[in-house]
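K.L.:
Residue strings, one per chain:
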Amino acid sequence: MSFSCLRCVVRYDLVKVCSSSALVTKYLGSSRELSTSSNLRAVAQQNTKPDWNRAVSEAEKIVGYPTSFLSLRWVLSDEIANVALHLRKLVGSNHPLLKTAKNLIYNGKNNMQAWGLIVLLVSKAAGHSPEIPDMEQDKAAGVLHSQRALAEVTEMIRTSHLVHKGLVNMNARQVVPSESDDMLFGNKIALLSGDYLLANSCTELANLRNQELVELMSSAVRDLAEAEFLGDRDEQNNPLPSRPLPHDQREAATEWDCVLSPLPMAGVAGCARREWVARHVLAAGALLGKSCSAALKLAGHKPALQTQGYLFGCHLALAWQAFLDLEAFTGPEPDSFSLVGAPLAFTLEARPTLYSYIEAGKKSVRDVDYHELYKAVVEGNGIEQTKQLQREHINSAREVLDSFPYCDARTALTNIIVAMIP
Amino acid sequence: MCQFGPKVRRQTVFVKLKPPGPSPLRIFGKTCQRVTTCGPACGSAGSGAVAGAARRLASSLQSTSTGSLPDYGKQIVDPYRLLEDDLNGIYEDIRSELERNTNQPELNTIATYYFDGQGKALRPMVAILMARAVNYHVYGENSALLPSQRQVAMISEMIHSASLIHDDVIDQSDFRRGKPSVNVLWNHKKVAMAGDFILAVASMMIARLRSDEVTLVLSQVVTDLVQGEFMQLGSKETENERFAHYLTKTYRKTASLIANSVKAVALLSGADESTSELAFQYGRNLGLSFQLVDDLLDFVSSAQAMGKPTAADLRLGLATAPVLFACEKYPELNPMIMRRFQEAGDVEKAFELVHKSRGLEQTRFLARKHGLEAARLAHELADSPYQKGLIVTTDLVLNRIK
Numbered sequence: 001m002s003f004s005c006l007r008c009v010v011r012y013d014l015v016k017v018c019s020s021s022a023l024v025t026k027y028l029g030s031s032r033e034l035s036t037s038s039n040l041r042a043v044a045q046q047n048t049k050p051d052w053n054r055a056v057s058e059a060e061k062i063v064g065y066p067t068s069f070l071s072l073r074w075v076l077s078d079e080i081a082n083v084a085l086h087l088r089k090l091v092g093s094n095h096p097l098l099k100t101a102k103n104l105i106y107n108g109k110n111n112m113q114a115w116g117l118i119v120l121l122v123s124k125a126a127g128h129s130p131e132i133p134d135m136e137q138d139k140a141a142g143v144l145h146s147q148r149a150l151a152e153v154t155e156m157i158r159t160s161h162l163v164h165k166g167l168v169n170m171n172a173r174q175v176v177p178s179e180s181d182d183m184l185f186g187n188k189i190a191l192l193s194g195d196y197l198l199a200n201s202c203t204e205l206a207n208l209r210n211q212e213l214v215e216l217m218s219s220a221v222r223d224l225a226e227a228e229f230l231g232d233r234d235e236q237n238n239p240l241p242s243r244p245l246p247h248d249q250r251e252a253a254t255e256w257d258c259v260l261s262p263l264p265m266a267g268v269a270g271c272a273r274r275e276w277v278a279r280h281v282l283a284a285g286a287l288l289g290k291s292c293s294a295a296l297k298l299a300g301h302k303p304a305l306q307t308q309g310y311l312f313g314c315h316l317a318l319a320w321q322a323f324l325d326l327e328a329f330t331g332p333e334p335d336s337f338s339l340v341g342a343p344l345a346f347t348l349e350a351r352p353t354l355y356s357y358i359e360a361g362k363k364s365v366r367d368v369d370y371h372e373l374y375k376a377v378v379e380g381n382g383i384e385q386t387k388q389l390q391r392e393h394i395n396s397a398r399e400v401l402d403s404f405p406y407c408d409a410r411t412a413l414t415n416i417i418v419a420m421i422p
Numbered sequence: 001m002c003q004f005g006p007k008v009r010r011q012t013v014f015v016k017l018k019p020p021g022p023s024p025l026r027i028f029g030k031t032c033q034r035v036t037t038c039g040p041a042c043g044s045a046g047s048g049a050v051a052g053a054a055r056r057l058a059s060s061l062q063s064t065s066t067g068s069l070p071d072y073g074k075q076i077v078d079p080y081r082l083l084e085d086d087l088n089g090i091y092e093d094i095r096s097e098l099e100r101n102t103n104q105p106e107l108n109t110i111a112t113y114y115f116d117g118q119g120k121a122l123r124p125m126v127a128i129l130m131a132r133a134v135n136y137h138v139y140g141e142n143s144a145l146l147p148s149q150r151q152v153a154m155i156s157e158m159i160h161s162a163s164l165i166h167d168d169v170i171d172q173s174d175f176r177r178g179k180p181s182v183n184v185l186w187n188h189k190k191v192a193m194a195g196d197f198i199l200a201v202a203s204m205m206i207a208r209l210r211s212d213e214v215t216l217v218l219s220q221v222v223t224d225l226v227q228g229e230f231m232q233l234g235s236k237e238t239e240n241e242r243f244a245h246y247l248t249k250t251y252r253k254t255a256s257l258i259a260n261s262v263k264a265v266a267l268l269s270g271a272d273e274s275t276s277e278l279a280f281q282y283g284r285n286l287g288l289s290f291q292l293v294d295d296l297l298d299f300v301s302s303a304q305a306m307g308k309p310t311a312a313d314l315r316l317g318l319a320t321a322p323v324l325f326a327c328e329k330y331p332e333l334n335p336m337i338m339r340r341f342q343e344a345g346d347v348e349k350a351f352e353l354v355h356k357s358r359g360l361e362q363t364r365f366l367a368r369k370h371g372l373e374a375a376r377l378a379h380e381l382a383d384s385p386y387q388k389g390l391i392v393t394t395d396l397v398l399n400r401i402k
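Residue numbers (the UniProt record's numbering), protein chains in the order written: chain A, 1 to 422; chain B, 1 to 402.
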């Protein structure tokens, strides 16, 4: 009942959201908030890349059935029924939570589940130790039940973060009084829904009875929280790039050989490439990498292979991010694009005077002159450098894949990666 | 009382009940905060007012609790004194644990904001008290506090603070613990993330204890907290349902954290199942008693101290025990509960009806019932200063004012 309820709410609001998408953008700032946002399907469509959809749906067949994030258990819970009822009250308001909810339902098949899908494909590609009892295996899919639970946790953590990121900063902006109640209520529901998902992932993880795994996955939640504090922000917490520093003024960078400890920030700010990597490792790579690594741990693989899994997830997430960053510059000129995307970062590094355009967005990223920045990016070689960056991450991810035995899951992963190549 | 070994006795401080020194002040931290937040004039009054209020409240404790603790004659165990060494530096340790886990200065600032040592640290205190009482119960007088048990005490306070931080965003509160609340100082997205961060660090600490059971027990707390918060959004139609709903919500939002963290320390001690269940039930009853008194104070303490009502819960649209009891005599409260006291004059009217009814008395009675049950359970543990401390704590919780 609650599922149909939720669908109908969202379907109704679909119209509203579309018509008021400009208003939603007002609160979200740039609508192309990329790092963990869920616009892969949109991208795949715009990009006219049938390869992508095919690669994903082929891959889903390989692991049995779609990684069911919206599993019945989840949808039928009292709390979600409650959220659906409250969402109905929000219909007609401009709270970005509606947009997040819409994406969860409608883009669910192709994007939201993509991360869980990767975790399952990595699980299947690497196989598991023969000592694991039959009871614990999903024979048809070739993965362990625990790995399936982990894939669900990955999705829940990611969604929870996405929902919490969709809060509206009420004290930053003078909201029209009539809107402020809606916004307040929307924030309340967004916060609670995110907390609900986080609490559920805690329980799911605890049930796996593997404390090293709990520690690893908790550290990924920590990384996501850290990501929201890196660098400058406008009043809605939309990220802005740091001022590019000349080479001789840069801090010495520290090694990033950390997994459980937080990412060192020395030498990050002002160095285009390093800042981009740090930002997206925290916001995306850490969770995907740690999830892949955890899947291998569950299968009883050695620490060395677990590390490879971590690197694979990290590189894949970064290649994905670069792919999304490039999207803004392949079609017609968009109204706005990510200010922390790699093409712009490289352009700013080459032409530091452009930074004055960024400074105009200190209050709100909407105040930035996107047209001028777009021209600068297209004229310079930021796009070429981003393609290069993406190739590097793709190659690193493929290197790891090559160490897995040849099988259908490995092929599926390769296809997904190939579909991203510009 | 002289059978305790020399080591234990050194740490055991039996104090005569006397006008409060610095230590009892902490016990009344929460009460004071309510007093300071209710008036517009409190800004400059600052800590002087806090101390004064605490003294007033504490002297009211003095007058009643000497009577209510005949077993100890004129002597009473002050659990905070008893655990002084264990609790010392607990906030510093939490802060450095958080600091170790981030390289983002602003995140660190927000996350450590409520760990300034101004809270009363009730949850860590009860957790350590239970840890030592159970250790004594199982291993006798030479038992010590395990480092893992102290970690659980820290974790309980961290989970509590993470939920406070999210509550602040939800309730739009302006003040907490006598200072501006986090949502006033920083933007909501960052505050929400800081809450997630504290929870993540607490989960990492839980995982490092490397106990499957303890992780399961403590992850239940997080689920309960969220479900309790969801329950608070809705209200039930019939009176019977409503009271059950209220009690379940109270368990999930307050008692579960205390109950499960004392259960966790009992598990870490290696106690058998019946002992850890006893610990759990003690924590559950203590937590319920604590929250019932809290709901009571929302109607009483402010009226006493400031001469004007606050009724913060009513203003948030919440019907707590005093209102639900008052409903029996004044059914006109029912529609107000259903509309969450949204109409003009609802809050004042409900406040007045609660005071005219026996609602406060009945709430106190229920709180005492749970307090007595907790004390009865504590009596089943081996006799030790910590076991006495557990009993005294039930009294402290009950007699926070009056």
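Just so you know, the hints here were simulated from the structure itself, not pulled from any lab data.
Do not take every clue at face value.
[As the list claims (entries may be wrong)] Below 30 angstroms or equal to it, Euclidean Cα-Cα: the simulated DSS-like pairs (lysine-lysine) are:
hint: 1; chain 1: B; residue 1: K329; chain 2: A; residue 2: K363
hint: 2; chain 1: B; residue 1: K349; chain 2: B; residue 2: K369
hint: 3; chain 1: A; residue 1: K188; chain 2: B; residue 2: K349
hint: 4; chain 1: B; residue 1: K369; chain 2: A; residue 2: K188
hint: 5; chain 1: A; residue 1: K375; chain 2: A; residue 2: K188
hint: 6; chain 1: B; residue 1: K369; chain 2: B; residue 2: K329
hint: 7; chain 1: A; residue 1: K89; chain 2: B; residue 2: K120
[What the hints assert, rightly or not] Heads up, incomplete: computed chain A residues facing chain B, CB under 7 angstroms, no partners named:
hint: 8; residue: N82
hint: 9; residue: L191
hint: 10; residue: D195
hint: 11; residue: A199
hint: 12; residue: C202
hint: 13; residue: G231
hint: 14; residue: T254
hint: 15; residue: W256
hint: 16; residue: C258
hint: 17; residue: P262
hint: 18; residue: T307
[Unchecked claim] Computed footprint of chain A on chain B; a stretch qualifies when at least three of its residues, placed anywhere within it, have a C-beta under 8 angstroms from a C-beta of chain A:
hint: 19; region: 164-174
hint: 20; region: 202-215
Bear in mind the structure is a predicted one, so any value in this text is a computation, not a measurement.
Where is the CB? At the ideal position from N, CA and C, for every residue including glycine.
K.L.:
Take the hints in turn and mark each one as holding or not.
P.N.:
Okay, the hints, checked on the actual structure:
About 55 angstroms separates the Cα atoms of K329 (chain B) and K363 (chain A), which puts this hinted pair outside 30 angstroms; it is violated. For the hint pairing K349 (chain B) with K369 (chain B), the CA-to-CA distance comes to about 29 angstroms; that is within 30 angstroms, so the pair holds. Under the criterion of a C-alpha separation no larger than 30 angstroms, the hint pairing K188 (chain A) with K349 (chain B) is consistent with the structure, at around 27 angstroms. The straight-line distance between the Cα atoms of K369 (chain B) and K188 (chain A) is roughly 34 angstroms, outside the 30 angstroms bound, and the hint therefore fails.
As the CA atoms of K375 (chain A) and K188 (chain A) are separated by approximately 40 angstroms, the hinted pair breaks the 30 angstroms bound. Distance check on the hinted pair: K369 (chain B) and K329 (chain B) sit about 22 angstroms apart at the alpha-carbon level, within 30 angstroms; holds. For the hint pairing K89 (chain A) with K120 (chain B), the CA-to-CA distance comes to about 39 angstroms; that exceeds 30 angstroms, so the pair is violated. Given the 7 angstroms rule on beta carbons, the hint for N82 (chain A) holds: about 6 angstroms separates it from the nearest Cβ of chain B.
Interface restraint check: L191 (chain A) against chain B, minimum CB-CB distance 6 angstroms, threshold 7 angstroms, status holds. Checking D195 (chain A) against chain B by beta carbon gives a least distance of about 5 angstroms; that is within 7 angstroms, so the hint holds. For the restraint placing A199 (chain A) at the interface with chain B, the shortest Cβ-Cβ distance is roughly 4 angstroms, inside the 7 angstroms limit, so the hint holds. Interface hint status for C202 (chain A): upheld, as the beta-carbon distance to the closest one in chain B is roughly 4 angstroms, under 7 angstroms.
The interface hint given for G231 (chain A) is broken, as the beta carbon of that residue sits about 9 angstroms from the closest beta carbon of chain B, more than 7 angstroms. About 10 angstroms separates the beta-carbon of T254 (chain A) from the nearest beta-carbon of chain B, more than 7 angstroms, and the hint is not met. For W256 (chain A), the shortest C-beta to C-beta distance to chain B is roughly 11 angstroms, which exceeds 7 angstroms, and the interface hint is violated. About 10 angstroms separates the beta-carbon of C258 (chain A) from the nearest beta-carbon of chain B, more than 7 angstroms, and the hint is not met.
Interface restraint check for P262 (chain A): the shortest CB-CB distance to chain B comes to about 5 angstroms, inside 7 angstroms, so the restraint holds. For T307 (chain A), the shortest C-beta to C-beta distance to chain B is roughly 19 angstroms, which exceeds 7 angstroms, and the interface hint is violated. A count of 4 residues in the region 164-174 of chain B with a Cβ less than 8 angstroms from any Cβ of chain A is obtained; the coverage claim is therefore met, three being the minimum. With 10 residues bearing a CB less than 8 angstroms from a CB of chain A, the region 202-215 of chain B meets the requirement of three and the coverage assertion stands.
Going down the numbered hints, you'll see the structure goes against 1, 4, 5, 7, 13, 14, 15, 16 and 18, while the others check out.
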